[in-house]
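Q: The primary structure of each chain is shown beneath.
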Amino acid sequence: MAITTRSLLDVERLTISYEVNKRWIPAVRDFHLRLRPGQIVGLVGESGSGKSTIALALMRYLSGNGRVESGGLLRFAGEDLLRKSDAEMRRLWAKRVKFVPQNAGAALNPSIKIGPQVAEALKAADAIDGDAAYDTMMRVFHDVRLADPERVAERYPHELSGGMQQRVTIAMALISNPELLIMDEPTTGLDVTTEAAILDLVRGLIAERGTGVIYISHNLGVIAQLCERVVVLYAGEIMEEAPVLDLFQAPRHPYTLGLISSVPKPGQSKRAAPLQSIAGNPPALTRLPGGCVFAERCAWAIDICRDKRPPLEQLADKRAVRCHRWEELSQPHPPTPSPRHQMPAIEIAGRGTTKPIRRPAPDAKSATEQAKSPSIAMGGDLEGGWQADETLLRADNLNKAFPVPRSLRELLARTAPSPIRAVDGVDLHLRAGRTLGLVGESGSGKTTLARLIIGLEERSGGKLELLGMDVRNHVRDRSQDVLSKIQMVFQNPQNSLNPYLSVRQAIRRPLIKLRRFSPAEADAEALALLARVNLRPEYADRYPDELSGGEKQRVAIARAFASDPDLIICDEPVSALDVSVQSAVLNLLAALQDEHGSAYLFISHNLSVVGYLADTIAVMYLGQLVEVGEARELFQAPYHPYSEALVSAIPVADPRHSTARILLSDDLPSAQNLPSGCRFHTRCPRKIGEICEREEPPWRPGDRGHLIRCHIPLEELTSLQSGSNPLEKAD
Amino acid sequence: MLLFLRRRFLFFFFTYLLSSLTIFFLLRVLPGDPARVIAGGREATEDQIAEIRAELGLNASLPEQYVNWLGNFLGGQWGDTIAFRGANNYDLIIERSVNSARLAAVALLMSVPLSLALGVIAGLFENKLPDILISLLTLSVVSLPEFVTGLFLINIVSLRWGRGELAQSLGWWFPASSAVPANASFGEMLPALWLPAVAATLTLLAYISRLTRAGVIEELKRDYVRTAALKGIPWRAVIWRHVLRNALLPTITVIAISISWLISGLVVIEYVFGFPGLGSLLIAAIERRDLLLAQAIAMVTVTVILFANLAADVAYALLNPRVELA
Amino acid sequence: MAEDKPGQAGDFSRVIVALQGMISAQLRHPQSAAGTLAVAFFLLLALFGPQLAPYPKANDQRHDPRVPPTLDIGAFQLGEHPFGTDRLGRDVYSRVILGAGSIFRIAGLGTLISVLAGSALGLFMGYQGGWVDEVLGRVIDALLAIPALLLALVLVGIIRNLQFEAGSWQAALADNVILLVISLLYIPIVARVARSTTLDIKTREFVEAAEIRGESKFYIIFREILPSVAPSLVVEASLRFSYAIFLVASLGFLGFGARPPSPDWGLMVNENRGGFYQLTPWALEFPALAIAILVIAVNLMSDGIRRAVQKGA
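Residue numbers (the working numbering), protein chains in the order written: chain A, 1 to 731; chain B, 1001 to 1326; chain C, 2001 to 2313.
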């Protein structure tokens, strides 16, 4: 098979090292890969797995402190790339081998217009210039579905949206009709809706052109949706390689299994079961274990795993796996994992000792509400029916407008520019002990809303009540009582802990400040809090730079819980974490909520994550809520057309799953210049006519307090959307 | 863009106002009486002081004095020189400014291309031999105080080497002193200019080349440099089109800022070489207690510096497409 | 406010660990190690000058004038007057040793004062933001538009000519006019650096975490932000020190620093230039060399500090 098929790229025994402090550290070891023309192979791994290093090594573009160790083989279309001179490589880069980077915004030269930048690539590839070049460029811009290509060519990179910038880099790569394309996380950092559009584009373009693609991603969903074969990397080694269906249906390696099951599927909820997760952290490259690199975190590790490095075994069905025990594990009745490593168990062990676990539903105070109404109700005419008795936080018509400095013309005309309306009339009721999920694209105003509630941003208008008390505008004006009742977990664990304070100091401070503990009491309580976030007591004396991302986030969670708050605002708390760590933090958040009865306002761009943790979900678009309802209802018709697009764009980590995606244009209208009528009408695929542009849509109530803000009646929405429910297909 | 320019111009006026206030109050608010200082400090008689007080309008209220003073300055009415009998501050300063400007221009012409080249080379060879040599050079010889290098140039280069046969046969003139007549033409002045200009060049070299180096190193790490290289265009083109273009843009601002440096350096250099410029005039003015002259010189300098900064920012804005957002 | 006693030592212990790392990095790099050692050598001269100098009186004119240097490097011999004597019969070697004291005292104290005051101002401006920051920022810009040396000359020129009662605070101020000038000149510069670093740190989420537990402004500035700003302040301090040395030497040379017969290096250079140089070149060359070596050493040291801090960041 392998002999008859012409292979485009052959990689064998590739080892790549980096020089750190005069020592060469092998960051990638013994890497193998084979790629046929027209094939898309995915490279999936967490941070530190070496996937970007591989991408650059395949391009022969390692930085000065990196090198490919001798003994490896890197062959492109029969030619040995490792022996090529710089000039020969340059010719390959110009024409046959192309690279699409992550973060297109940084990958385009900010001081050159798009047109000349793309033309430069074309000139290097085919030595064409002038009109012919322009025509080719327009054609490729059209192929990557850049709206208005002539104008795009005249723009500078910073004048384009992130999605458009990424389309430009793809156009730049495709313009020479390359044989090999290496894409390094091209959709990371983009909104789901944009990501979906780009993935569709890549899939289509590759099918047309027969280009071989190596697609690198940390996102299993993206890989499942796009790739034919998948290579799973961990700590610089291949753990498993398989065709995509086999990999997701029957993973052979414990790491792959752990990875797949730690991603929440759309519609999966904390009520059903805690997420699987992988204990521990990846090993440091400077101190690799002698045996299997994954042994330390593996639930099935036995002595041989710790002593002897397993070989990459080629299996019969075009698969390969690096595990001593893969055969045993793939039996119908696999051996049971060691209890220490059953992550759900360890999560529960950490929290269940002092208090009984309380699930939200049987809980006395929420049971009554459960039957009655959702925790969120909108103002206005609907008010009467939606009074919830255990209202913790109530926001009425919350507004935030950021002023814009006047331009010269406005100064002369004595008119004021319209401000940026980041949050525009949001009503929220949050009930005690429950989780409200807030979703929306970047720029929807969800973070601003959270910051208004916590008081880091001053609201321009509206009212905020906590347990019936009026809440002052800015955090500095708030009483200790209010401060201790609302806390926050931030997005970036890197920045949320002061690098110069130890873990103990970080947790003690709120205890002393907000709960008026004596230093001795605070010390004891700090240790108790650490235990509750599943960190051993010795962590108390560590500093943030000695912690992994997940551990930092646990400390940040412990700090937030220190004042025993009623409400914790979680702003994208897991989005900066690796998949295997993410699920442990989500489980922890769910467990702590059971224990403390705190409510969460949980913000995320990841619908599956929000769906997993939230009881109620609010969808936000351009400063307004457009849909509110119970979590499972978000994944069922009727949807608001915007929610529908968001749900359909989720990259589901299951290759069998396919959706008719509802693609939205990349351009979110400016919050300074909001569309009239329904804010979504400029992008809405279900727009019914002029009414959408003219009138603000009404809130339409559905079952069980589900509310949708749309001109289309709900029954009609249901019938329009029932044919395309992505989740029904997945089930 | 317009927004940026408007903001920048407002800043300019505000800063100018504040700088002039600072200069004004230096002579008014400090403990003591400016009239007494001008009259000769401790030895002055009360009558002399009262006379000067009346002459300078010091009996008016402070804001009034300030407005009058600034108005006079802007109108070119800078008063009579006390330090040199019979001269007029305006004429004296203009004449000396022209000389200093000539010296500065020669220094800039020499130092800017040289320091940009050194900075770019050091940046491209980060932590390699050329970089280490350049950084040693800029940290040591080049960053010595101007009077040390100036005296070296005079006493060693000019007096010792300049008398040597080689220098004599080359016919190049090594002036031990640059004390040319203040009203000499540029051509007449040139032989006397170049040695002080070398000293002034050294002042700027370290500063500009170091910032250039940092800019080049920063740009080389950018993603778009990788993008450009992976387009398969020659490395030379990557450096010119992508690295240097972005790295050298901010040096416009750097050069403008370095003018303030240069002016400080020129004060010392003109004094060492006896060159009839604004700097040596300033020292003479202060030595002879002519505070009005010193004040006027300070105002002229500040005006030059602020205009240079403004011009650099405007040029930067015009050349940089990203500024529009600011 | 409940005070957080046991934790207090820990807050800055991390800063100290970072500083130790910096010092060891400093010593590994040959250039910066040489610079640091040379600065340490001059510091010893400054501290123990009167003990080390053969003739510790500043204006000791009892020697033969115009004696050439007796220093013989090849033979490791100092001789009677290693650097010779000047035209007034003063031992140049002793005067150079004694001169280290004043330059270190003025430059060091000036740096210390300006870094302390400038950091406090910059931290406050950066954290406070708003119109306070805007106005102070403009004032700083205006001050910085006036070249440092020019401002120094004008200030010294004015203050020198004022008459004060002996023993009054104004007189004390006038006696330390260079110190005052250096502090005044460098406070805005340090403040600007501290401000911009603070602006960066302020947006970090740990500062917001402190805000949402209601910490005072004082606590946030000094306990949360300062440790992270400290490394760049250390770099700035070393840079300021090198400029201060430069400025003190230049002012001394221009005749606006120490007054004769002080053994100030800049002043010594100025007193022996021109026609006197032909007569006693060594009386100019040795103090000039001392200035040159000290400036280069401080530059190498501060460059090493900058490199170490940037690497650590």
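Derived by calculation from the structure, the hints in this document are not laboratory data.
Glycine is no exception: its CB is placed at the ideal position from the N, C-alpha and C atoms.
Please note that a few of the clues may not be correct.
[Said to hold, decoys possible] Under 7 Å between C-beta atoms, here's a sample of chain C residues computed to sit facing chain A: (1) 2060; (2) 2064; (3) 2072; (4) 2200; (5) 2204; (6) 2212; (7) 2213; (8) 2214; (9) 2227; (10) 2276; (11) 2306.
Q: What are the numbers of the hints that this structure violates, sorted from low to high?
A: As far as the earlier hints go, 1, 2, 3, 4, 10, 11 are violated by this structure, in ascending order.
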